[in-house]
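S.K.: Construct all of the structure, not just a fragment, from the sequences and the given hints.
Residue numbers (the numbering used here), protein chains in the order written: chain A, 3 to 251; chain B, 33 to 336.
Treat each hint with caution, since some may be false.
Chain A side only, calculated, beta carbon under 10 Å to chain B, not exhaustive [to be verified]:
hint, residue
1, A11
2, R14
3, W17
4, E83
5, S86
6, L102
7, R172
8, G176
Hints are computed from structural coordinates only; laboratory data are not their basis.
Every value quoted in this text rests on a predicted model; they were computed, and no experiment measured them.
The C-beta atom is built at its ideal place from N, Cα and C for all residues, glycine as well.
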Amino acid sequence: MSRGVPFSAVLRSEWTRLSSLRSTWWATAVFVVVVGAAGALAAAGTDTAERAEVAVQTALIGFGFGQLALLVIGVLAVTAELASGSALATLVAVPRRTRLLLARTVVVAAWCLLLGIALAAACLLAARTLTAVPGGVDPTDPEVLRTLGLQVGAAALVGVLGVGLGAVLRSTAGAVGLGTALVFVLPPVLALSGPRWAERLSAALPMLRVGQDAFFSVPTSWPVGMGVVAAWAAGAWVVGAVLHERRDV
Amino acid sequence: MLSPVIEVEALTKAYRSKVAVSDLTVTVHPGRVTGFLGPNGSGKTTTMRCVLGLARPTSGTTRVLGRPYRELAHPMRRVGALIDPRARHPGRTAAAHLLALAQSNGLPASRVDDVLDQVGLGEVAHDRVRGFSLGMGQRLGIAAALLGDPDVLLLDEPVNGLDPEGIRWVRELLRDLADEGRTVLVSSHLMSEMEDTADHLVVLGRGRLLADVPMADLLGAHSAVRVRSPQAPLLAAALQRAGATIELQIDGSLRVEGLDPDQVGDVAYLAGVRVHELTPVTASLETAYLTLTGDEVEYRTAAR
Numbered sequence: 003m004s005r006g007v008p009f010s011a012v013l014r015s016e017w018t019r020l021s022s023l024r025s026t027w028w029a030t031a032v033f034v035v036v037v038g039a040a041g042a043l044a045a046a047g048t049d050t051a052e053r054a055e056v057a058v059q060t061a062l063i064g065f066g067f068g069q070l071a072l073l074v075i076g077v078l079a080v081t082a083e084l085a086s087g088s089a090l091a092t093l094v095a096v097p098r099r100t101r102l103l104l105a106r107t108v109v110v111a112a113w114c115l116l117l118g119i120a121l122a123a124a125c126l127l128a129a130r131t132l133t134a135v136p137g138g139v140d141p142t143d144p145e146v147l148r149t150l151g152l153q154v155g156a157a158a159l160v161g162v163l164g165v166g167l168g169a170v171l172r173s174t175a176g177a178v179g180l181g182t183a184l185v186f187v188l189p190p191v192l193a194l195s196g197p198r199w200a201e202r203l204s205a206a207l208p209m210l211r212v213g214q215d216a217f218f219s220v221p222t223s224w225p226v227g228m229g230v231v232a233a234w235a236a237g238a239w240v241v242g243a244v245l246h247e248r249r250d251v
Numbered sequence: 033m034l035s036p037v038i039e040v041e042a043l044t045k046a047y048r049s050k051v052a053v054s055d056l057t058v059t060v061h062p063g064r065v066t067g068f069l070g071p072n073g074s075g076k077t078t079t080m081r082c083v084l085g086l087a088r089p090t091s092g093t094t095r096v097l098g099r100p101y102r103e104l105a106h107p108m109r110r111v112g113a114l115i116d117p118r119a120r121h122p123g124r125t126a127a128a129h130l131l132a133l134a135q136s137n138g139l140p141a142s143r144v145d146d147v148l149d150q151v152g153l154g155e156v157a158h159d160r161v162r163g164f165s166l167g168m169g170q171r172l173g174i175a176a177a178l179l180g181d182p183d184v185l186l187l188d189e190p191v192n193g194l195d196p197e198g199i200r201w202v203r204e205l206l207r208d209l210a211d212e213g214r215t216v217l218v219s220s221h222l223m224s225e226m227e228d229t230a231d232h233l234v235v236l237g238r239g240r241l242l243a244d245v246p247m248a249d250l251l252g253a254h255s256a257v258r259v260r261s262p263q264a265p266l267l268a269a270a271l272q273r274a275g276a277t278i279e280l281q282i283d284g285s286l287r288v289e290g291l292d293p294d295q296v297g298d299v300a301y302l303a304g305v306r307v308h309e310l311t312p313v314t315a316s317l318e319t320a321y322l323t324l325t326g327d328e329v330e331y332r333t334a335a336r
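M.R.: Right, dumping it as structure tokens:
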């Protein structure tokens, strides 16, 4: 049997689907405005910082809120199709469902990555120009690069988490609600609630602000934080893919 | 006869509360329009969904062009399907909806304009489909089915919501597609829609196969001869001896089943009976269909 349609063709069609929805552009605008404005304000409000990566991390504060927009993009990429019934036409065209979901995920992750890079660069610029650091903020400083890279990588993973939750729950409200709880509400709530187990649980939730400064959450080392986010994204995606493959539409 | 293009074998599909399709075996052949008929809830759509890989059979198998639908390499180039006229995102334009489908099967973007013009939606190509009427949705769905210029078409209730001009257009389109040697399976719950279109009928009732017959046979099976004679009792006796079934009508005429008009005339002549009227009565397809499905209607209106 021939391999048929190349994967790149499915990617192109998924990009057409994502980019032809207004909600994608609304969410993108929200992300840009929230992350950009918060970055500029935070950098402007921080006159001096001891080290470059601290200045940069402060400017990246908006990612903590802005990630919700990326989550919504990921969720809607799946649930808007199902809710409208447009998934019927899509699955008749691409009956190999896991391939379809993979293409959709790649497109969402790429878009989130692109947005993350653009906004991380903007936040870096804000930190460089608005916050005084001894020796300046050098963009090639490995500490600075790692801080930026963590945010960008985690931004893409939140998009993947959105796709996965959307495929599992098949409901926009349910998936956005659960996703928001996981990445935004529960980690700080648990961290502040006190008991030891709650702190541990908080550290095991996918908080976008990975690493030492965990946005009101329990700080972990950055590899642990990144690993947790990646594990949640991958876990939700795999469960979503299995259900997506098996369910009737 | 050419080998079957769509094969449904012992298909059963049960949902939690009810069995939608029960042990259905049927084949659909190329070069003709096959009408897929049955009352609402008789399992037509479920069968089509199983064939297209949208629903998983509880048991049994379905094949298109010799393999399960999910294994087709370029599905849209082989099979075009219309399952639901609402199968589109309201926020997308008609052109974007079709472009995504075309790209996913490696079809050139120019096909989008081609099919939009073909179905008469060229002028609203860049409007969001939110404002589309049911009829426009049907046209968009048919456009999607035609994108890949497929050899096989499965259309679920394609004329639902269309105006008379649209209905005629769909009929002619299906006719042309079948005449080009393609396989056309079109479902409907209205017999009248099939009367001028289908060559072959597959009739379902409560998820079971009721008939799988050429259109002409179904009509023939329910046709009769009306004969009027001043010597009706004599004629009736003669006809019964010839093997016919006789029914005395309220106006005194006889309704004869089992013999064609020529035979009835011959019998009358041999019996020496005068005949004042001899008329072939073709059952309307609607009557034939109702006879067939009478006991199998799922949602019957309360006694009239």
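S.K.: Each hint should be assessed against the structure and marked as holding or not.
M.R.: How the hints compare with the structure:
Interface hint at A11(A): satisfied, since its Cβ lies 4 Å from the closest Cβ of chain B, which is below the 10 Å cut-off. The closest approach between the C-beta of R14(A) and any C-beta of chain B is roughly 5 Å, which is under the 10 Å cut-off, so the hint is satisfied. For the restraint placing W17(A) at the interface with chain B, the shortest Cβ-Cβ distance is roughly 8 Å, inside the 10 Å limit, so the hint holds. About 7 Å separates the beta-carbon of E83(A) from the nearest beta-carbon of chain B, less than 10 Å, and the hint is met.
Nearest Cβ of chain B to the Cβ of S86(A): about 4 Å, under the 10 Å cut. The hint holds. Satisfaction of the interface hint for L102(A) is found here, the shortest Cβ-Cβ separation to chain B being roughly 8 Å, below the 10 Å cut-off. Hint status for R172(A): violated, given a least beta-carbon distance of 15 Å to chain B, over 10 Å. Interface hint at G176(A): violated, since its Cβ lies 19 Å from the closest Cβ of chain B, which is beyond the 10 Å cut-off.
Checked against the numbered hints listed earlier, the structure breaks hints 7 and 8; every other hint is satisfied.
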